[in-house]
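Participant: The lines below spell out each chain.
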Amino acid sequence: MNVPELELVCPAGTPAALRAAVDAGAHTVYCGFADETNARNFPGLNFSRDEMAAGAAYAHGAGSKLLVAINTFPRAGAEEIWHRAVDDAQAAGADAVILADLGLLAYAAEHRPGLRRHLSVQAAAANADAITFYAETFGVKRVVLPRVLSVEEITAINRDIDVETEVFVFGGLCVMAEGRCSLSSYATGRSPNMSGACSPASHVVYTEEQGELVSRLGNFTIHKVPRDAPAPYPTLCKGCFSAGGQTGHVFEDPMSLDAAELIPRLAEAGVTALKIEGRQRSRAYVSAVVKSFRRATDAIAAGRPVPVSELAHLTEGQSSTLGAYRKNWR
Amino acid sequence: MVDIGCRPRLVRDPDLISIKDTGPVVGYRSIMTSRASLIPRFPRAGAQLLAPLPSGPLSLLLGRAARGMAERHPGLLTRLGPHAEKRFLIDPTDLPLSFLIHPQAARPRIEALSASASPAWDCRIAGPLAALIGMIHGAYDGDALFFSRDIVIEGDTEAALALRNALDDAEIDLFEEAAESLGAPGRMAGRRLRPLARTASRITGVALTRAEELL
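Respectively, the protein sequence lines represent chains V and R. FYI, the numbering used here numbers position 291 of the first sequence as 282, with every residue one higher than the one before it. FYI, the numbering used here numbers position 73 of the second sequence as 75, with every residue one higher than the one before it.
Think of the hints as simulated: they come from the structure by calculation, not from any bench. One should not assume that every hint holds.
Said to hold, decoys possible - Stretch by stretch, here's where chain V covers chain R in the computed footprint (C-beta under 8 Å, at least three residues):
| no. | segment |
| --- | --- |
| 1 | 78 to 89 |
| 2 | 166 to 172 |
| 3 | 183 to 190 |
| 4 | 194 to 204 |
As the list claims (entries may be wrong) - One side only, chain V facing chain R, incomplete, derived with CB under 8 Å:
| no. | residue |
| --- | --- |
| 5 | T198 |
| 6 | Q201 |
| 7 | A275 |
Bear in mind that the values here come from a model prediction, so they are computed numbers and not experimental data. Here a beta-carbon is modelled for each residue, glycine too, at the ideal position from N, C-alpha and C.
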């Protein structure tokens, strides 16, 4: 069965990664400014205003689009920083901004009405009523769906809304109510929601102890991994803990999402765009993942089966999951 | 699809809250499966030949290359920000020497150190030479090398992240930088030797030049 070609939305944490994404066949690239206005506010990462404008020109020159993520929640008294980011995204030539905060959505709708607005996954809009509210109130044209929905639930949502949906298909897997998770804040005082960094590197310490890799976040030991076993990210939600005489991954196993095989079903579910996570990753990751998924979307559009993914070496824990798309929990 | 990880799971265990509230949570030993590294190792015989080399002259050449790199790639220092003042120990685990990088804007330095040296550092990044070079040349992803345990990070994790991101964006080609640091003769030799370097990369699996060039 032929299905419409899905838009591939790809990450770029640096100008070099942006060029790698575009050259690898990204239909769209998303980036953030080098400050607390985006949820990947990591050291050495992100774009200056000039770099964003050059990035937009590079993307447009290749027929790709550029989205700017301004998806953290403005601090009281410092809203101007986030307002300026919206203004500067439009000035840089962005095709859309990805927003989460109600106040910032209102600002963009009122002051930059010509700038397309997408709703970030950070807004955690997980049902048709919530999405319709954002669409009717702020003119949101696309919603990035939280990573807690099954394909059936996505189908149901798309039946009841009049805006586009974008879903994650690859990369780091967060199954929390995004934008509301306080685990990182609890351990470090900093969070993706306000500071733009989950489990910030400033609070992460790795040590080799008796042949094991020990990862600590703040005062918490997250993992002890034996020599030669795959290492996970040092996030609390993927930590292994002992309690009540048992040990285990309390929230989720340390593995990445890879939903390539579900792309035909996601297309049938009415999804418009497929998102790849990983603005914190290198240009090597971006290039490999974008090429792989572009092959997949091209194949599906041509009625061919999805090619076998060869991305396991890039995944957290060197293993992958279909996440909530195929729920076997709850 | 692989379903590995620790078992048994702990779901909705009320004891968890009390443990968290009493201080650091106890870590646990993962039972994840191991995986052989695919990164090429520097030949042991070659490494033994390098051991007796004096580090002083090499440090002079590396210092010159570092200053040239900082001039040609100003974004490196911008992206490093305050971390430019940190000392990074780059430790190729298959070589009998290591490199201490002090990117500081005033006078960037790279020092070659013998295996017996124990310098003060803020951050140590260790792994096979091919992994470290491949990361700089865009052939390997730093997170993936960390997941696979091919590289080890110790000390200031934030500084390590800043360095990795700055280097990745700079799209540095060490072969080209080495040639540049030797002036006009170096550039001429570099142009002539470049096809050889590409061939050597394909044969050895080590990215001796930027990965984009090897595609």
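Participant: So, for every hint listed, does it hold in this structure?
Facilitator: So, going through the hints one by one against the coordinates:
1. 78 to 89: Per the Cβ count (4), the hint holds.
2. 166 to 172: holds (count 6)
3. 183 to 190: Three-residue rule not met by the segment 183 to 190 of chain R, so violated; n is 0.
4. 194 to 204: violated (count 0)
5. T198: 7 Å, holds
6. Q201: Check failed: Cβ of Q201 (chain V) comes no nearer than 11 Å to chain R, outside 8 Å.
7. A275: 5 Å, holds
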